[in-house]
Each structure stands twice: as structure tokens, then as C-alpha cells.
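**Student:** Numbering (the numbering used here), first residue to last: 229 to 749.
By construction, these hints were calculated from the structure, which means they are not laboratory data. Fair warning: there could be bad hints in the mix.
As the list claims (entries may be wrong) - Here are the simulated DSBU-like cross-link-like pairs (lysine-lysine), alpha carbons at most 30 Å apart as the crow flies: (1) K609 to K680; (2) K348 to K451; (3) K599 to K401; (4) K526 to K655; (5) K609 to K655; (6) K709 to K680; (7) K526 to K230; (8) K709 to K526; (9) K481 to K300; (10) K481 to K513; (11) K352 to K230; (12) K348 to K383; (13) K458 to K709; (14) K401 to K423; (15) K239 to K401; (16) K599 to K481; (17) K655 to K383; (18) K423 to K300; (19) K383 to K239.
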Amino acid sequence: MKTLVIEKTDKIGGTTAYSGGGVWVPCNHLQAQQGVSDSPRDAATYINAIVKEGAPASTPARRAAYIEFSPKMAQFLHDQGFEWNLDLPYPDYHALEPGASLTSRSISPAPFDLRTLSDKWQSKLRMPIDWRPVVTSVEARSIVRFGASIGDFLKTVQLAVLGPIWTMIRGKKLVATGVALVARLLHVNLSLGTKLWTDAGLNQLLTSPAGDVVGALIERDGKALRVQAKRGVILAAGGFARNPEMRERYLQKPTQTEWSSTAPEDKGGAIRAAVDVGADIALMKHAWWMPCLMDNGKPILDIYSRSFPHSIIVDQSGRRYFNESECYCDAGSNMLARNGETPAIHSWVILDSRHRRKYMLGRLLPGLTPKSSITSGFLYKDSNLNGLAKQIGVDEHQLQETVGRFNKFALDGVDQDFQRGLNPYNKMFSDPNHGPNPNLGTIERGPFYAVKIYPGDIGTKGGLVTDERARVLNKQGQPIKGLYATGNTTASVFGSRYPGSGGTLGPGMTFGYIAATDVAR
């Protein structure tokens, strides 16, 4: 069987290259090697507990296929020379639900030396927008809180300063996280002789008189090429997060392409091509939400800073409305839901001087708040809460009341309103040196700060309806012969929920593996 991979742009990697590179794989081989207990029954119990949507996107058969084949996918890649690491600790995002893992089901690529690839292929890799040290998502926790303790500071020096120096001395070009995932997959494909075309966009799918997909019309170097597919076409081209018309038509409102952290080319072309040949779609109002801060018109993912002590999030009336340390997808959903009741987009992150001294905020390092961050309108600052409330247009008395109530919770160590810090996942992004609750800290030492926060995303969740074999289904629920799809091109097997780190890449890779296996039969 011959395989051709076509990439729309001149770069390989898509949004994956911007990601943390985690892949959620229950019962994976690394768990077994390191003595981490897991079982298919527990994984199924957990998925069934958190996912409320069913057919057509999240059928029992698709859930079962994911649990069965995700570890096989990871093992297959390992056998081809792909080196994985188990992310420890990394609890499931809804760790209090039955069947959840409190240790980890998430694996990620080991750092990769780009010198393994030729100069040609190195130049074709999509790289992150911002510089990143060669660290795992777990190790990054020390870097984003390096002002909190001498231990975190020394760990940061080791990872972000000494590590790169040692890498240069050895003459290596190491990358980690999502770039390493893409680079390792590229290396495996090149080793197996897979043909890859870049700058080759999909114009339309080719069908037989019976409606079977038999190939694709590709535009490459300004020429239209008809590529025949004897065994099938697999679509894995992302969602529609960068398509303003599709966002406006399908996603929850308000919505802005500027809030998305996906690759610029994530415009839904593959979804539209499949719909043109009769494919069904589902879950189109949902996305992989990720709260973001906007700096000079560019989104900055906020995974960490909203979760640390000495901070809260309030709506435009000055009230808290959710657990600020919860998983980012739920945080975004809560922002959108709240906005239906009272203005909450944007909301405000409120913090005091200790947060600024100890933790990162967007791209601002701990202890460093340049005047430009204030004059640009990114950050608001005042010596007291009343003054800050006036600056941001929030009722002074309400903000004082909200902060006062929260401060009592912080002193007691129990968030009576939203249980922040109770879920083990909350503690992933906390300050272990702070007590009694590592996620709660009083907001009482000026100066005080505020920054706008929006319901950004790292991709859309809705797309083509597929079955447990990754076959694309038509509106009658029947497979379109010759057409498969995976990743954000499809409606998520997890419905509107996010099970754990790698809940986006896991289904993309697993159902890609299933599709390729089915095609090869």
C-alpha cells in the first residue's frame, strides 16, 4: 500500500506544533512499566461519567474503540522508534469523578534532536510562536511560579538557562512538547518511506457515480491535480477556528477568531469538502475552550496564572462565578454560560502584588511589571481596590464584597462557593509552598492589578460524524465508502468535555491509527 500525505501550507505540524504535545491514553504501556494502575473498565467509567452527549458523535462503540485502540496506537509508534514519556503527576481533569486517574493517563514525546532530520525537513517544521525551553508540561510548573520559592527558582535556572547552554555545548537542537511530537511523527514517516507534499491544498473530494470517495482534487504549485485513492482518503486537517463565517454560524456567541490560538490556516476546508459529498456534522457549537489574555491583539493562553493564589476572576458586575483553577475547557464554557446571564465577556482577573511578585501573568515574568504593560492597556494597576474598580468599570462595593468573601475562604482554606483547590487537578497549577489551600490566597496587599480574560480556544470540537472505524457517516448514518476522518475535522468522541491532558491529540492520533488500519485491510 502506498501512502501520500498532503499538507496545505509550507509548514508541517498545524496547531499541534503550538501545543503541549500531551496525548491522553488510558492503559498505556508506560503506565504498566512504571507501576501506575489503570484498567479499561476504569477508563470507560470515567468517560461515561463526564461525557453527557451521546449519538451521533460519542456513541458507546466510539468510546470503546478509543479505550481499546489508543494504547495500541502508542505502542505501535513506540515500535517504530517513537520515544514517549509518561507525564507524572498529571491527574485527569475531572479527578473527583468515578474512574478518574489521580496519577496520569497522559503521555508526551521525549525531547527530539532536530539534527536527526535533514535541513530541508527542519525548515518545513512549524515552530511555536514564542520561545520555549525544552521542558515537559509538568516541569513548566516551576518556571511559571519561579518567584514563589528558592526551589522553583533554582529549577527554572536549571531548565531555562543551564539546559539550553548545555544543549548548545553538545551541539544539539532539542525541541519538546508539540514540536517534538510533530518532528518525531515526521521522522517515523520519512523512515517508512511515506511521501509528503507541502503547499498542497484540498479543493474537493472525487466521487464515483455511486457516491464513493475515490480521490481528491489537489492544488499544488498553482496546478490542479487529480489524485486517485484506491483504498481511501483520510481527512485530518483540523477544524474551523480561524474561519470567521463558520464561527459566526456555528459557535456560541460572542466569538472572535482573534481569541483562537490555532494555526492561521485552520479554516474548515476539509469539513466543507466532506459535507459537499453528503457527510453529516455534529457538535458544531463547541470548541476546546481555553481562556486567554489579549496582548497587542494576540491571545496568550491562561492555563496557570488564574489558578495561583492571590487571584480571582470576576464578571463585569464584580462577582465570582466559577472555580478559577478548573480545567480550561470548562472555564471557557462557564464564561460563555455566565455571559448569557450578565456581561462576562470579557471578565477580569483580579490579583494583588504577591501574585505579581511570585507568578507569571501572560508573558510577564514574576516580579517584573514594565510600564509598557500598563500604558498598552494590557494591565490595570491601582494602589487600592476601589481605585482599580473605577478604572475597569466595576462596581466598587461589589468588588470589595467579593474580595472580602474570598479572603475569608483563603484564610480558612476552603472555597465555600466553588470548591477551588478541592479537585486534585486544581493543585497541578498551585503553589505547594502556600497554605492552607495551595490555590487560595488573600487579595489584600497593594498595588492591585486587573487584566481582561476571554473565552479563547485551541480548536473547534464540532465536525464530521464518524463511527468506531473512523469512517465518515452521511446524514442517514451510513458510511461514505472510501472516506475517513479524525482529529478536529470530526465531532469529538468526548462530546463537549475534556478528559485530561492530551484530550485533543489523543483522539486525533487514535482514530487516525484506526482509519489507517481499516484502510490497509
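**Student:** All the hints need checking, so say for each whether the structure fits it.
**Tutor:** To see whether the hints hold, each was checked on the structure:
no.	hint	verdict
1	K609 to K680	12 Å, holds
2	K348 to K451	23 Å, holds
3	K599 to K401	35 Å, violated
4	K526 to K655	28 Å, holds
5	K609 to K655	28 Å, holds
6	K709 to K680	48 Å, violated
7	K526 to K230	41 Å, violated
8	K709 to K526	42 Å, violated
9	K481 to K300	39 Å, violated
10	K481 to K513	9 Å, holds
11	K352 to K230	22 Å, holds
12	K348 to K383	35 Å, violated
13	K458 to K709	11 Å, holds
14	K401 to K423	25 Å, holds
15	K239 to K401	18 Å, holds
16	K599 to K481	34 Å, violated
17	K655 to K383	19 Å, holds
18	K423 to K300	24 Å, holds
19	K383 to K239	33 Å, violated
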